[in-house]
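2 protein chains.
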Amino acid sequence: MGISLNQERRIVIIGCGAGGGTAAQFARKTDRKANVSIFEKGIYPQYSKCGLPYVISGKIPRFEDLIEFSEEWFNKAKIDLFLKSNVEEIDINEKIIKVNNNGKYIEYPFNSVIIATGAEPAIPPIKNLSQDGKFVKGVGVVRTIDDAKKIKSLLTPGKKATVIGAGLIGLEMADCLYEKNINVTVVEALPDILSNTLDPDMSAQIMDQLSEKIDIYLNHFANEIKHENGVIKSVSIQDRESGVINQIPTDILVVATGTKPENSLAKKSGCRLGKHGHIIVNERSETSIKNLYAIGDCTEYIDFVTKKPTPIGLGSIVVRQGIAAGINAAGGSYSLPNGVLQTRTTDIFGFEVAAVGPTLSCFESENIVTGKFNGFSLPEYFPGGKSISIKVLVNADSGEIISAQGIGDKAAQRINTFAGAVLGRLNIDLFKKLETAYAPPVAPTLDAVTLACDVVSMKLNRKKR
Amino acid sequence: MGISLNQERRIVIIGCGAGGGTAAQFARKTDRKANVSIFEKGIYPQYSKCGLPYVISGKIPRFEDLIEFSEEWFNKAKIDLFLKSNVEEIDINEKIIKVNNNGKYIEYPFNSVIIATGAEPAIPPIKNLSQDGKFVKGVGVVRTIDDAKKIKSLLTPGKKATVIGAGLIGLEMADCLYEKNINVTVVEALPDILSNTLDPDMSAQIMDQLSEKIDIYLNHFANEIKHENGVIKSVSIQDRESGVINQIPTDILVVATGTKPENSLAKKSGCRLGKHGHIIVNERSETSIKNLYAIGDCTEYIDFVTKKPTPIGLGSIVVRQGIAAGINAAGGSYSLPNGVLQTRTTDIFGFEVAAVGPTLSCFESENIVTGKFNGFSLPEYFPGGKSISIKVLVNADSGEIISAQGIGDKAAQRINTFAGAVLGRLNIDLFKKLETAYAPPVAPTLDAVTLACDVVSMKLNRKKR
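Sequence order for the protein chains is D and F.
The first sequence begins at 0 in numbering that gives the first Met the number 0 and counts up by one.
The second sequence begins at 0 in numbering that gives the first Met the number 0 and counts up by one.
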C-alpha cells in the first residue's frame with residue numbers, strides 16, 4: 000500500500016456500507032483524478048443490510064446476493080477498497096489516518112475524510128442475555144451478514160422465536176421467521192407497533208390480521224432470559240402497567256430495539272456529537288471539523304418539518320448523504336434539503352406500510368389537523384381493488400402538508416406523492432386539487448391520495464368558521 | 000313533475016355522466032335546501048364510460064355493474080333524476096329549460112344550469128362506413144352502454160377486428176378484444192401509438208411486445224369499407240407516405256378516433272365556444288354566460304403548463320370540474336388550479352402507462368430538456384423486480400418540472416408524484432433530492448422517480464456550463 004506523493008486530492012472513506020460505497024462513487028465521478036479509498040473493518044464489500052431478513056426467510060437465496068458492489072467493481076471504478084482495515088485514529092493535524100490493516104499498522108494521508116461507520120445494535124438491559132460477553136446461544140441481532148447467518152442456522156420449522164421490538168426491522172424479522180414456519184412472538188415496550196412510522200389509529204388497523212399469524216405483546220418489556228447449558232429456553236416479559244410477568248418459551252430471541260451510533264473515531268477527532276452520541280452533520284454532510292464529513296447511521300441531521308435533530312436510520316437517506324459527502328469531498332457542491340423527510344416503507348405480513356414526515360406524537364404545541372381515508376385502490380365496479388388507507392397531517396395555521404401515512408395497495412408510491420408535497424411545502428388547498436391518474440384497471444377518478452386530502456381540508460374549513 | 004314556487008335555489012344539470020352526477024352531489028352537499036335536478040336524455044343513470052371495454056372483455060361481468068349511482072341512490076340523496084329527458088333549450092331570459100320528457104313537453108325553472116352533455120365519437124371520412132345514416136353491421140364505437148353491447152354481441156373467438164385509432168381508448172379496446180381471442184389489427188394515422196400520452200421514444204419501448212399480440216399499422220388511414228349485404232367484410236387502409244393500399248379482412252371495426260363536443264344547447268344559449276366547438280370554461284367551470292356552467296367532454300379549459308386551450312377528455316378532470324360547478328352553482332366557492340395537468344393512465348397488454356403534462360411535441364419555442372431512466376422497481380438483489388421507465392421534461396430556463404411519462408410497475412402512482420411537482424411548480428434542483436420510500440421488497444433506495452430527475456438534472460447542468 001504505497002502513498003502517492005503527487006498532488007492528487009485524497010479522499011478517505013471509513014466504512015463500506017451503502018453510505019460509504021455511494022460516497023466513493025460520487026467522489027470518483029466528481030473528481031476523476033482524485034485518489035478515493037475506502038477502509039472497511041469487516042470482510043465484505045458493500046452489501047444491503049436491509050436485505051438480511053429476506054435471506055433468512057429464503058426469499059433471497061444467498062447472503063452473497065446482497066453484495067451490491069464487489070471488490071472487482073470497486074477496482075474497475077478505480078476506488079481502492081481495503082477490507083479488514085480498522086481505522087483507529089483520524090489525525091486531523093497531520094492529515095493521516097492510522098489503520099490496523101489485518102494486524103499490520105499503516106498510515107494513510109488524506110485531504111478529506113468521510114466517516115461512514117454506521118451503528119451497532121442497542122441492547123436493552125435483559126438479565127442473562129449474555130454470558131462471558133457473548134450472547135447466550137439462540138440470541139441474536141440482525142445487523143451484519145454474520146449476525147443473520149447465526150440466526151438462519153437456528154431455524155427449523157416449529158421452533159419458537161421471540162422478537163424484541165415491533166418497529167420496522169422487528170416486524171420484518173417477525174414476518175420472515177413466520178415465513179419459515181417458526182412460531183413467532185413479538186414483544187414491544189410501547190403501547191403500539193410501528194410507533195415511529197404510524198399513528199396508533201393507523202397501526203391498530205392491521206393488528207387483527209397480524210395477531211392471526213403471530214403473538215404480539217404490547218406494553219411489555221423483556222427482563223430476563225432463562226437458559227440451560229448456555230442455550231436459551233425462555234424469556235420472561237413483564238406488563239408495564241400490571242407488572243404481571245409472562246414466561247415465553249423461546250428457542251430463538253432476536254433483539255431489534257434500535258441502534259447506537261458507532262462514533263468513537265469522530266469523538267476522538269473532536270466532532271460535535273448530538274444528545275445520543277450521533278455525529279452532527281449539516282446539509283452538505285459536513286461535521287463540525289473542517290474536511291471531515293460524516294454520513295449514515297452514525298450521524299444526526301434535522302427533521303425537515305420539526306427542524307429538531309434526528310438520528311439517521313434509513314437507507315434512502317444514507318445514500319443521499321453519501322451523494323452529498325462524495326461530491327463535496329471531491330470539490331463539487333451538493334446540499335441536501337433543509338432536513339430529512341424520513342420517507343419510509345416496509346412490506347409486512349402482506350401489508351405495504353409507508354410514511355413521510357413525523358407522526359402526530361412528535362408534535363407538542365403545533366396546531367395539527369389530520370384526515371384519514373379508508374377505501375379501495377380501484378373503482379368499485381372493477382374487480383381486484385385492494386384496500387388502501389391514507390392519513391394526512393396538516394399544519395392548521397399554515398395549511399402546509401407536514402406528513403402522511405399509508406397502509407395497503409401501493410402505499411409507498413402514494414406516500415412518495417405526499418413526500419413531494421412536504422418537500423415543496425405545498426398547501427392543502429392546492430394539493431387536494433391534484434389531478435390523479437385515472438383508468439378503471441389502475442385507479443379511481445379520485446385517488447385515496449386526494450380523498451384523504453379532502454377529509455383534512457373539510458376539517459380545516461370547519462375549524463376556520 | 001311539479002314546479003315548486005318557494006324561494007329555494009334551483010340547480011339544473013343537463014346530463015347524468017360522471018360530471019353531471021358529481022356536480023349534483025356537490026351541489027346537494029353545498030346547499031342542503033336547494034332543488035337539484037338532473038335531466039338525462041338516455042335511459043341509464045350515472046355509469047362509467049371508461050369501464051365499457053372491460054365489460055366487453057368480460058373482466059367486469061355485466062354492463063349494469065358500471066352503474067355507479069342508481070336511480071334509488073339519487074332519490075335518497077334528494078336529487079331529482081329525470082331519465083329519457085332531452086333538454087331542447089335553455090331560456091336564459093326566462094330562466095327555464097324546455098324539456099322533451101319521453102315525448103312530453105315540459106318547462107322547468109332554474110337559478111343556474113350545469114351543462115354536462117359530453118361528447119360524441121368523431122367519425123373520420125371512411126367510405127361506406129354507414130348505410131342509410133347507420134353504421135354498416137360490424138362497425139361500432141365505444142361511447143355508450145348500447146354501443147358496447149353492440150360490439151360485445153359480435154364477438155366469437157377467431158373473428159377479426161380492426162380498431163381505428165391507437166390512442167388510450169383504441170388500445171384499451173384492442174387489448175380487450177385480444178383477451179376475447181379476437182385477431183386484432185390497429186390502424187393509426189400518426190407515426191406513433193399513444194401520441195397524446197407518450198413521446199415517440201417512450202411508446203417505441205412497448206411496440207415490440209404489442210406487435211407480438213396484435214397487428215399495428217402506423218402512418219395509415221382507413222379509407223374504405225367493403226361489405227356484403229350490409230355486413231362488413233374488410234377495410235382498406237392506405238400508407239400515408241407510399242400511398243400503398245392494404246385490404247384488411249374484418250368482421251368487427253371499432254372507430255376510436257376521438258370525440259366532438261355535444262355543444263348544441265350551449266351554442267344556442269350563446270356560450271363562447273373554442274376553435275373546435277368546445278364550451279370555454281374558467282377555473283370555476285363557468286361559461287361566458289352568467290349562471291351557466293359547463294363541465295366535462297363538451298368543454299375546454301386551459302393546460303396548466305402551456306396555458307393553451309385544451310379540450311377536456313379525462314374522467315379525472317370531468318369529476319373535478321363537477322365538484323367545482325356543483326359547489327359554485329349552489330352558492331359555494333371552488334376554483335380549480337390554473338389549468339389542467341392531464342394526469343392520465345391506462346393498462347394495456349400488461350403495461351401500465353401514465354403521463355402528466357404535455358408531451359414534447361406540444362412545445363415549440365420553449366427550451367425543454369428531457370431525461371429518461373430505464374430500470375427496475377426493486378433493488379437488483381431482490382427477486383420480482385419489474386421494469387419501469389420514467390421520462391421527465393423540464394423547462395431549461397426556469398428549472399420547473401413540466402411533465403413526465405412512465406411505463407411499467409406502478410407507473411400511475413409514480414406519475415402522480417410528478418403531478419404534484421408540476422402542480423407545485425417545483426424546481427428540478429429541489430425535486431431530484433426527494434427522499435423516496437425504500438425497503439427491499441417495495442422499492443430501491445433511489446426510486447426511478449429520482450433517477451430520472453438525476454438524468455435530466457445532469458443534462459441541464461451540462462447545458463449551463
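Honestly, I wouldn't trust all of these hints.
Subject to a maximum C-alpha distance of 35 angstroms in a straight line, what follows is the list of computed DSBU-like cross-link-like pairs (lysine-lysine) [what the hints assert, rightly or not]: (1) F:K40 <-> D:K77; (2) F:K289 <-> D:K385; (3) F:K83 <-> F:K179; (4) D:K28 <-> F:K148; (5) D:K28 <-> F:K83; (6) F:K94 <-> D:K371; (7) D:K385 <-> F:K458; (8) F:K126 <-> F:K289; (9) D:K212 <-> D:K179; (10) F:K103 <-> D:K458; (11) D:K133 <-> D:K159; (12) D:K371 <-> F:K148; (13) F:K289 <-> F:K212; (14) F:K40 <-> D:K149; (15) F:K385 <-> D:K151; (16) D:K58 <-> F:K385; (17) D:K306 <-> F:K458; (18) D:K462 <-> F:K28; (19) D:K463 <-> F:K458; (20) F:K179 <-> D:K179; (21) D:K58 <-> F:K267; (22) D:K83 <-> D:K151.
Derived by calculation from the structure, the hints in this document are not laboratory data.
Here the structure is a predicted model, which means the values were calculated and not measured.
State the violated hints by number, sorted upward, taking the hints as numbered earlier in the document.
-> Violated hints (numbers, rising): 1, 2, 4, 5, 6, 7, 8, 10, 12, 13, 14, 19, 20, 21; every other hint is consistent with the structure.
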